[in-house]
Amino acid sequence: NSSDAFLLIRAKDLDVAVYHLPLIWIVLHLVKTVTSIPGGDLADRYGRRKVIIAGWIVYALIYAGFAFAGVEWHAWVLFGLYGVYFGLAEGAGKALVSDLTPSHLCGTAFGFFHLAVGLASFPASIMFGFIWDAIGVEAAFGVGAGLALVASLGLAFFVEPGTVDS
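Quick note: the sequence shown uses the numbering used here, first residue 1, plus one each step.
Just so you know, these hints were derived from the structure itself, not from any lab.
From the three backbone atoms N, C-alpha and C, an ideal C-beta is built for every residue, glycine too.
Heads up, a few of these hints could be off.
Stated by the list, open to error - Just the calculated beta-carbon pair ranges, DEER-fashion: (1) A17 with F157: 40 to 48 Å; (2) E160 with G136: 34 to 42 Å; (3) V71 with L105: 44 to 52 Å; (4) K12 with C106: 12 to 20 Å; (5) D15 with D99: 40 to 48 Å.
Could you build the full structure based on these sequences and the hints that come with them?
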(Lines of atoms letter the chains of each structure in order from A and count residues from 1; the text may use other names and numbers.)
(Lines give C-alpha, C1' and ligand atoms only; values in the text may rest on other atoms or scores of the structure.)
Protein backbone atom coordinates (compact mmCIF):
# COMPACT_ATOMS: atom_id res chain seq x y z
CA ASN A 1 0.00 0.00 0.00
CA SER A 2 1.58 3.25 -1.14
CA SER A 3 0.79 6.70 0.17
CA ASP A 4 -2.83 7.81 -0.19
CA ALA A 5 -1.45 11.12 -1.46
CA PHE A 6 -1.26 9.42 -4.86
CA LEU A 7 -5.04 9.03 -4.76
CA LEU A 8 -5.43 12.76 -4.21
CA ILE A 9 -3.07 13.50 -7.09
CA ARG A 10 -5.07 11.11 -9.27
CA ALA A 11 -8.32 12.82 -8.22
CA LYS A 12 -6.83 16.16 -9.26
CA ASP A 13 -5.81 14.58 -12.60
CA LEU A 14 -9.46 13.54 -13.01
CA ASP A 15 -10.46 17.21 -12.67
CA VAL A 16 -11.55 17.19 -9.04
CA ALA A 17 -11.07 20.82 -8.06
CA VAL A 18 -8.31 21.47 -5.53
CA TYR A 19 -10.84 22.98 -3.13
CA HIS A 20 -12.89 19.74 -3.35
CA LEU A 21 -9.99 17.50 -2.31
CA PRO A 22 -10.78 17.91 1.41
CA LEU A 23 -14.41 16.98 0.62
CA ILE A 24 -13.42 13.84 -1.26
CA TRP A 25 -11.20 12.94 1.72
CA ILE A 26 -14.23 13.43 4.00
CA VAL A 27 -16.27 11.08 1.78
CA LEU A 28 -13.57 8.43 2.22
CA HIS A 29 -13.61 8.78 6.00
CA LEU A 30 -17.40 8.91 6.28
CA VAL A 31 -17.68 5.63 4.37
CA LYS A 32 -14.81 4.17 6.41
CA THR A 33 -16.64 5.15 9.60
CA VAL A 34 -19.97 3.71 8.47
CA THR A 35 -18.45 0.42 7.25
CA SER A 36 -16.03 -0.23 10.12
CA ILE A 37 -18.58 -1.70 12.54
CA PRO A 38 -20.19 -3.99 9.93
CA GLY A 39 -16.67 -4.96 8.79
CA GLY A 40 -15.70 -5.82 12.35
CA ASP A 41 -18.90 -7.81 12.77
CA LEU A 42 -18.11 -9.78 9.61
CA ALA A 43 -14.58 -10.46 10.91
CA ASP A 44 -15.98 -11.70 14.22
CA ARG A 45 -18.60 -13.83 12.49
CA TYR A 46 -16.67 -15.29 9.55
CA GLY A 47 -13.03 -14.92 10.59
CA ARG A 48 -10.36 -12.26 10.22
CA ARG A 49 -8.68 -14.00 7.28
CA LYS A 50 -11.77 -14.08 5.07
CA VAL A 51 -12.62 -10.44 5.73
CA ILE A 52 -9.05 -9.29 5.17
CA ILE A 53 -9.00 -11.17 1.86
CA ALA A 54 -12.30 -9.53 0.88
CA GLY A 55 -10.89 -6.12 1.81
CA TRP A 56 -7.73 -6.67 -0.22
CA ILE A 57 -9.82 -7.72 -3.23
CA VAL A 58 -11.86 -4.52 -2.86
CA TYR A 59 -8.57 -2.62 -2.70
CA ALA A 60 -7.38 -4.30 -5.91
CA LEU A 61 -10.62 -3.40 -7.68
CA ILE A 62 -10.38 0.21 -6.50
CA TYR A 63 -6.78 0.53 -7.70
CA ALA A 64 -7.79 -0.99 -11.05
CA GLY A 65 -10.58 1.60 -11.11
CA PHE A 66 -8.12 4.42 -10.48
CA ALA A 67 -5.94 3.06 -13.28
CA PHE A 68 -8.74 3.35 -15.82
CA ALA A 69 -10.81 6.21 -14.40
CA GLY A 70 -11.48 8.92 -16.94
CA VAL A 71 -13.80 11.51 -15.43
CA GLU A 72 -14.27 13.37 -12.17
CA TRP A 73 -17.19 11.35 -10.80
CA HIS A 74 -15.06 8.20 -11.01
CA ALA A 75 -12.77 9.67 -8.36
CA TRP A 76 -15.69 10.38 -6.02
CA VAL A 77 -17.04 6.82 -6.35
CA LEU A 78 -13.60 5.26 -5.98
CA PHE A 79 -12.83 7.30 -2.85
CA GLY A 80 -16.12 6.13 -1.34
CA LEU A 81 -15.31 2.52 -2.19
CA TYR A 82 -11.85 2.98 -0.72
CA GLY A 83 -13.64 3.62 2.57
CA VAL A 84 -15.25 0.16 2.21
CA TYR A 85 -11.78 -1.36 1.88
CA PHE A 86 -10.77 0.27 5.16
CA GLY A 87 -14.02 -0.81 6.81
CA LEU A 88 -13.28 -4.41 5.92
CA ALA A 89 -9.51 -4.70 6.29
CA GLU A 90 -8.37 -2.24 8.92
CA GLY A 91 -10.29 -3.52 11.94
CA ALA A 92 -9.89 -7.17 10.92
CA GLY A 93 -6.14 -6.71 10.53
CA LYS A 94 -5.77 -5.16 13.95
CA ALA A 95 -8.00 -7.84 15.48
CA LEU A 96 -5.75 -10.45 13.88
CA VAL A 97 -2.68 -8.88 15.47
CA SER A 98 -4.45 -9.07 18.81
CA ASP A 99 -5.52 -12.68 18.21
CA LEU A 100 -1.97 -13.77 17.44
CA THR A 101 -0.36 -11.98 20.38
CA PRO A 102 -0.17 -12.97 24.04
CA SER A 103 -2.06 -10.38 26.07
CA HIS A 104 1.06 -9.22 27.93
CA LEU A 105 2.71 -8.30 24.59
CA CYS A 106 -0.19 -6.58 22.80
CA GLY A 107 1.23 -3.08 23.09
CA THR A 108 4.59 -4.22 21.74
CA ALA A 109 2.93 -6.20 18.96
CA PHE A 110 0.88 -3.20 17.84
CA GLY A 111 4.01 -1.06 17.93
CA PHE A 112 5.81 -3.51 15.66
CA PHE A 113 2.74 -3.84 13.43
CA HIS A 114 2.58 -0.08 12.84
CA LEU A 115 6.36 0.09 12.46
CA ALA A 116 6.22 -2.58 9.74
CA VAL A 117 3.34 -0.85 7.95
CA GLY A 118 5.16 2.48 8.07
CA LEU A 119 8.47 1.05 6.92
CA ALA A 120 6.82 -0.87 4.07
CA SER A 121 4.86 2.14 2.83
CA PHE A 122 8.02 4.15 2.17
CA PRO A 123 9.55 1.87 -0.49
CA ALA A 124 6.07 1.08 -1.81
CA SER A 125 5.47 4.79 -2.35
CA ILE A 126 8.85 5.27 -4.01
CA MET A 127 8.14 2.33 -6.33
CA PHE A 128 4.63 3.60 -7.08
CA GLY A 129 5.92 7.09 -7.90
CA PHE A 130 8.71 5.69 -10.05
CA ILE A 131 6.29 3.51 -12.04
CA TRP A 132 3.85 6.42 -12.42
CA ASP A 133 6.65 8.67 -13.68
CA ALA A 134 8.41 6.13 -15.91
CA ILE A 135 5.49 4.16 -17.37
CA GLY A 136 2.28 5.93 -16.44
CA VAL A 137 -0.60 6.18 -14.02
CA GLU A 138 -2.30 3.06 -15.36
CA ALA A 139 0.81 0.97 -14.73
CA ALA A 140 1.31 2.32 -11.21
CA PHE A 141 -2.26 1.63 -10.14
CA GLY A 142 -2.22 -1.63 -12.08
CA VAL A 143 0.82 -2.86 -10.16
CA GLY A 144 -0.85 -1.84 -6.89
CA ALA A 145 -3.98 -3.77 -7.87
CA GLY A 146 -1.94 -6.78 -8.93
CA LEU A 147 0.06 -6.86 -5.71
CA ALA A 148 -3.15 -6.69 -3.68
CA LEU A 149 -4.52 -9.66 -5.61
CA VAL A 150 -1.29 -11.60 -5.07
CA ALA A 151 -1.46 -10.83 -1.35
CA SER A 152 -5.10 -11.97 -1.28
CA LEU A 153 -4.24 -15.22 -3.02
CA GLY A 154 -1.28 -15.73 -0.71
CA LEU A 155 -3.42 -15.30 2.38
CA ALA A 156 -6.17 -17.49 0.89
CA PHE A 157 -4.03 -20.39 -0.30
CA PHE A 158 -0.70 -20.34 1.49
CA VAL A 159 -1.63 -19.48 5.07
CA GLU A 160 -3.41 -22.21 6.96
CA PRO A 161 -6.86 -21.00 8.06
CA GLY A 162 -6.37 -22.16 11.65
CA THR A 163 -3.26 -20.00 12.03
CA VAL A 164 -5.02 -16.69 11.42
CA ASP A 165 -8.72 -17.21 12.16
CA SER A 166 -10.18 -16.79 15.59
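So, against the hints stated earlier in the document, which numbers end up violated here?
4
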